[in-house]
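Colleague: The residues making up each chain are set out below.
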Amino acid sequence: MSISRRKFIQLSSLASASLMVPRFLKAFEHNPLSLPGGGKKSLVVIQLSGGNDGLNTVIPYYNDIYYKNRPVIGIKKADAIALTDEVGLNPALTGIKRLYDQGFVSIINGVGYPEPNRSHFRSMDIWQSGSTADQVVSTGWLGRYIDGCKDCTNNTMGLEIDDSLSLAMKGKDKSALAVRDINQFYNAATDPYFVKLAKTHDDEHDAKLANYLYQTLRETSSAAGYIYQQSKIYNTTQVYPDTAIGKRMKTIGSLIVANTDTQVYYLSHGSFDTHVNQADRQKKLFEELDAALTALVADLKQNNRFNDTLIMTFSEFGRRVGENASKGTDHGTANSMFMIGGGIKKGGLYNNIPNLADLDHGDVKYELDFKQVYATVLDRWLATDPRGVLDGKYEPLTFI
Amino acid sequence: MDLQEQNSLLYARAGFGIRLEDFKNPRPVKEVVESLFPTAVPGQLQLISDEEWAEYNPKTLKVTMTDEVARKEKEREFRRRTGDMNLLWMEAMVRTSFPLVEKTAMFWHGHFATRVDNPYFDQLLLNEIRRNALGNFGDLLKAVSKSSAMLQFLNNQQNKKSHPNENFAREVMELFTLGRGHYTEDDVKEAARAFTGWGYDENGAFIFREKQHDATDKKFLGKTGNFDGDDILNIILKQKQTSIFITQKIYRYFVSDEKIDDRRVNALAKNFYDSNYDIGGLLRDIFTSKWFYNDDVAGAKIKSPVELLVSYQRMIPMSFKNPNVWINLQRVLGQYLFNPPNVAGWPGGKDWIDSSSLVIRMRLPEAFFASKELDLNAKEIEPEMMKGMTKKNVMPGQAAQTFRVGKLDSVDWSGYVAFWKNYKREEVRAALADYLLPMSLDEARLKQVEGFADNDNDEQYIKSMTILLMELPEYQLS
Chain A
151 MSISRRKFIQ
161 LSSLASASLM
171 VPRFLKAFEH
181 NPLSLPGGGK
191 KSLVVIQLSG
201 GNDGLNTVIP
211 YYNDIYYKNR
221 PVIGIKKADA
231 IALTDEVGLN
241 PALTGIKRLY
251 DQGFVSIING
261 VGYPEPNRSH
271 FRSMDIWQSG
281 STADQVVSTG
291 WLGRYIDGCK
301 DCTNNTMGLE
311 IDDSLSLAMK
321 GKDKSALAVR
331 DINQFYNAAT
341 DPYFVKLAKT
351 HDDEHDAKLA
361 NYLYQTLRET
371 SSAAGYIYQQ
381 SKIYNTTQVY
391 PDTAIGKRMK
401 TIGSLIVANT
411 DTQVYYLSHG
421 SFDTHVNQAD
431 RQKKLFEELD
441 AALTALVADL
451 KQNNRFNDTL
461 IMTFSEFGRR
471 VGENASKGTD
481 HGTANSMFMI
491 GGGIKKGGLY
501 NNIPNLADLD
511 HGDVKYELDF
521 KQVYATVLDR
531 WLATDPRGVL
541 DGKYEPLTFI
Chain B
177 MDLQEQNSLL
187 YARAGFGIRL
197 EDFKNPRPVK
207 EVVESLFPTA
217 VPGQLQLISD
227 EEWAEYNPKT
237 LKVTMTDEVA
247 RKEKEREFRR
257 RTGDMNLLWM
267 EAMVRTSFPL
277 VEKTAMFWHG
287 HFATRVDNPY
297 FDQLLLNEIR
307 RNALGNFGDL
317 LKAVSKSSAM
327 LQFLNNQQNK
337 KSHPNENFAR
347 EVMELFTLGR
357 GHYTEDDVKE
367 AARAFTGWGY
377 DENGAFIFRE
387 KQHDATDKKF
397 LGKTGNFDGD
407 DILNIILKQK
417 QTSIFITQKI
427 YRYFVSDEKI
437 DDRRVNALAK
447 NFYDSNYDIG
457 GLLRDIFTSK
467 WFYNDDVAGA
477 KIKSPVELLV
487 SYQRMIPMSF
497 KNPNVWINLQ
507 RVLGQYLFNP
517 PNVAGWPGGK
527 DWIDSSSLVI
537 RMRLPEAFFA
547 SKELDLNAKE
557 IEPEMMKGMT
567 KKNVMPGQAA
577 QTFRVGKLDS
587 VDWSGYVAFW
597 KNYKREEVRA
607 ALADYLLPMS
617 LDEARLKQVE
627 GFADNDNDEQ
637 YIKSMTILLM
647 ELPEYQLS
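From first to last, the protein sequence lines are chains A and B. For the first sequence, the working numbering gives the first residue as 151, with consecutive numbering after it. For the second sequence, the working numbering gives the first residue as 177, with consecutive numbering after it.
No wet-lab data here; the hints were simulated from the structure. Don't take each hint at face value.
Sample of chain A residues lacking proximity to chain B, with all beta carbon distances greater than 10 Å (derived) [to be verified]:
(1) D214
(2) D275
(3) L347
(4) A533
Pairs of lysine-lysine residues, derived as BS3-like cross-links and limited to a Cα-Cα distance of at most 30 Å, are as follows [unchecked claim]:
(5) A:K322 to A:K191
(6) B:K479 to A:K358
(7) B:K526 to A:K349
(8) B:K555 to A:K324
(9) B:K435 to A:K358
(10) B:K200 to A:K358
(11) A:K434 to B:K248
(12) B:K466 to B:K526
(13) A:K477 to B:K555
(14) B:K435 to A:K322
(15) A:K191 to B:K555
Just so we're clear, the structure is a prediction, and the values are computed from it rather than from any experiment. Even glycine gets a Cβ: it sits at the ideal position worked out from N, Cα and C.
All chains, full assembly: derive it from the sequences and hints.
Modeller: Dropping the structure here:
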C-alpha cells in the first residue's frame, strides 16, 4: 500500500535542495569562512562502549605481575609499541603513536571513581552524568555545559553522531542534537509538511506542551538546515576510512573545519566487552579507531584547526587484571583516557600507570577521579566554571 | 468538554486511546469509569514455566558457569528471553479489554524500577505488579519488596547482620514511598538492619535467612522495637506522607506533566490514605473528578514511547516480520521495558522529547503505513553478535544495531476505513482530527493539513488524512 503525498513530490521535483531551505532558516545563515579563523575550541568525545581493557591498551610490559595474570592474552614486549622503557602501546594504535611522538597525546592513567560499579549500564550512567557512584542524575555533564550557554540561539552547540541522544549530552532545558546522517536528517526535519506546520502554528494555543513541541520542531528544522548547509561548505580532500566510525569522523571533521557553532561532538565506538577472545576483537576495533582518528587529525591539521580541537576517549570501566579462561577479561575498574590535540601542553604519560602490586580484589585502584578530568576540560578548554556543571570542586590537571 | 471529548480523554489516560465504537457512542463518564475495572484478577503472563526455569536456573547451569563462553551464551539467552517477555507484555497491552490494568502496571513498572536481565525474575515481578496494579498499595509494596528482581537489583541479598547494605532501605523510602526529606540518614541505617536476611532462592522465591538477620532493637521514624522488614514497611505506610508522595506521582502520570495542583493532590491523598491505600479507589476518584474534564487537562501529557507504539497497534492492527522492531523502537525512543535508565525509572514528560526523538516520532506514521521506510540505529553497549564467535570469526566493531521500520508483515485498515466511510465527506475531516488528537483543530489548520492529503478516492483520503494527522506534534500528546 502506498500513499502518495502529491504535493510533496511536486515540491521535491521542482526545487533543488538549497531552494528548499525554509525562509525562517535564513536568519542563521552566515558565511563562516569570513569569521576570523581559529580561536573557537572544539571538543570531540569518543566513547569506547562496553569497557575497554586499559591494560592491553597501555601495557605495563616491564612488569612480571602483568604476564603472570595474563599468560595467554598478555601482549608481549616485542609486539607492543614502545612508549617508555616500562610502558608500551597496543600494536594496533600506530597512528596514535605517531601523534604521541609529536607531543600531541597525553595519556591519563588510573582514571575511575570511588565505589566502582561493574554494571555496564550503571557505570556508563555515572561517567556520562558526571555523578558519584551513589547519585542518580538524569542529565549529562556535557548537557549541563550546553544548558549553561546563555547566548546560544541555535541548538547546535552539541552534536552526537547517532540517531538517539546519550545521557551525557542531555541537559535540563537544552540538549545536544543527535544526527547520524546529516542529509537524511535534513530531509526529514525539513519535510515541507513539517515546515509548514511549524511555521504556521499559533503559539497562543491553549496547550503549553503543544507549544513546547512546536518550538522543538522549529529549532530542529532550523538546526538541521544549519548543519546541512555547514556540512556543504567544506568538501574535504582527506580520505577517511569507509567504516562506521570513519564516516562519523568525516562528518565531524567537515563541521569543525567549516567553523560551525558546534563545540562538542560525541560518538560511540565498540563494543569492547571482550569476555571471549579479546585479542582479535580489540585489535579490530583499535584499527578502526586509529585509522579514523588519523584521518581526522590530518584533516584538521591541513585546515589549521588541530590546535583548537581536543579529542578525548573514555570507557565505562577497564577490565580485571587477571584474564579469564576464555582468552578474555571481565569487568573491572579504573582505566586510561587519551587526550589528543594540538593544544596538549603535557604530552606523553601524564601520570604513572596503575600499580599492579597493589590491587583491590584483583582490580587496579583508581588514582584520579574522572570528574577531575572533566573539570579540567571544562575549565581549561571550554572556559567554563566546572562548578556550574559538576558537584564538588576538582583541582584542574595540567595536560592542557 | 462535551461527552465525546470526555470519553476520548478518559480512554486516552486510562488506557491507550479510545476505540471507534466508543467514539461513536460516548457514554456517561461514571459508566465508562466502572467499565474500566476488571471484575477478576488479571491473568498471569507466562513466558517461562516454573518447570522450565527449574532446568534453566543458574544453579542447574552452575556446572558450565566456569566456562566464559557458556556464561556469555546464558546471558545472551537471558537477554533474548527478556526481549520475548517485553513483546509478550506489549502484546497484552495491545489486546487487552482492560487497558487500565496494563497502563497502571506500566506506571508501577517505572515506579518500582528494576533491571536484572533475568527473564524469570522479571516475569515474577511483572505478574505481582499486574496482579496488584489496581489493588492495595501496601500489598503491592510488600510483594515488590520481597521479589527476587527487586532484592537482587538493590543488593539486599548482600544485606547481612555483619555487613548491612543500605541500598534497598534507602530507595524504599526515597523513591517508593516517602520521598526525599521525610526521613533521616539514621532511619536508613536502622531500616537496613531490619531488612537484613531478606533474600531469594534460585527459583526467585523469597527467603528469610534468620542467621543473617539482626534481631536487636531498631529506632525508626520515632519508634523503637525489634523491627523486621514488614514492620518497617508498615510504619512507612502509617505515614501520611506516603499517600501524598504516591498520589503526586499518580497525578503526574494520569493527569498532567505540568505543575501539580496541591489542593487536588492533597484531597485525593487524604481519601487514598483513609481507604488504606486502595489504588483503584484513587483512580476512580481522579477519573470522576470534575476538574479532570477541564479543558486544560486535554493535551497536558506527552505520550510515553510504549504508550505511543501500543496506541498505533490498537488503532490499526499491524505486525512486523521481525517483532524486535518494536523493541528497537522502544530503545531509540527512550523507553525500553525491563531496562529503565536507573533505579528512579523514566522521568517522563518533556524528557521523552528531544530534537531527534520528536522527528523520529513524526516520521513513524509514514514508516508504518506509507511504505516510507526508516532506518535507525539502536545503541549497543554489549555485543549481541557473539554467538558462534571463534578466533577466526570476530564480528566487526559495532556500537549500534541498525534496524528498519517499515515492510509491515500485515496491516489491516479495513475496519478503520469502513468506519470512516460512513461519515459524510464534509464531516470526516474534523471528526478524524477529534478522534486522533487531544484538542480540536480550527478550520484553517484542517485545510492546511488537507492540502497535503491524497484525494483520489475515499479510502486514500481517509488513510492519508489519518497519516497526516498522526504526524502533527499534537498527536504526541494525550
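Colleague: Just pull the numbers of the violated hints for me, sorted ascending.
Modeller: The structure breaks hints 2, 3; every other hint is satisfied.
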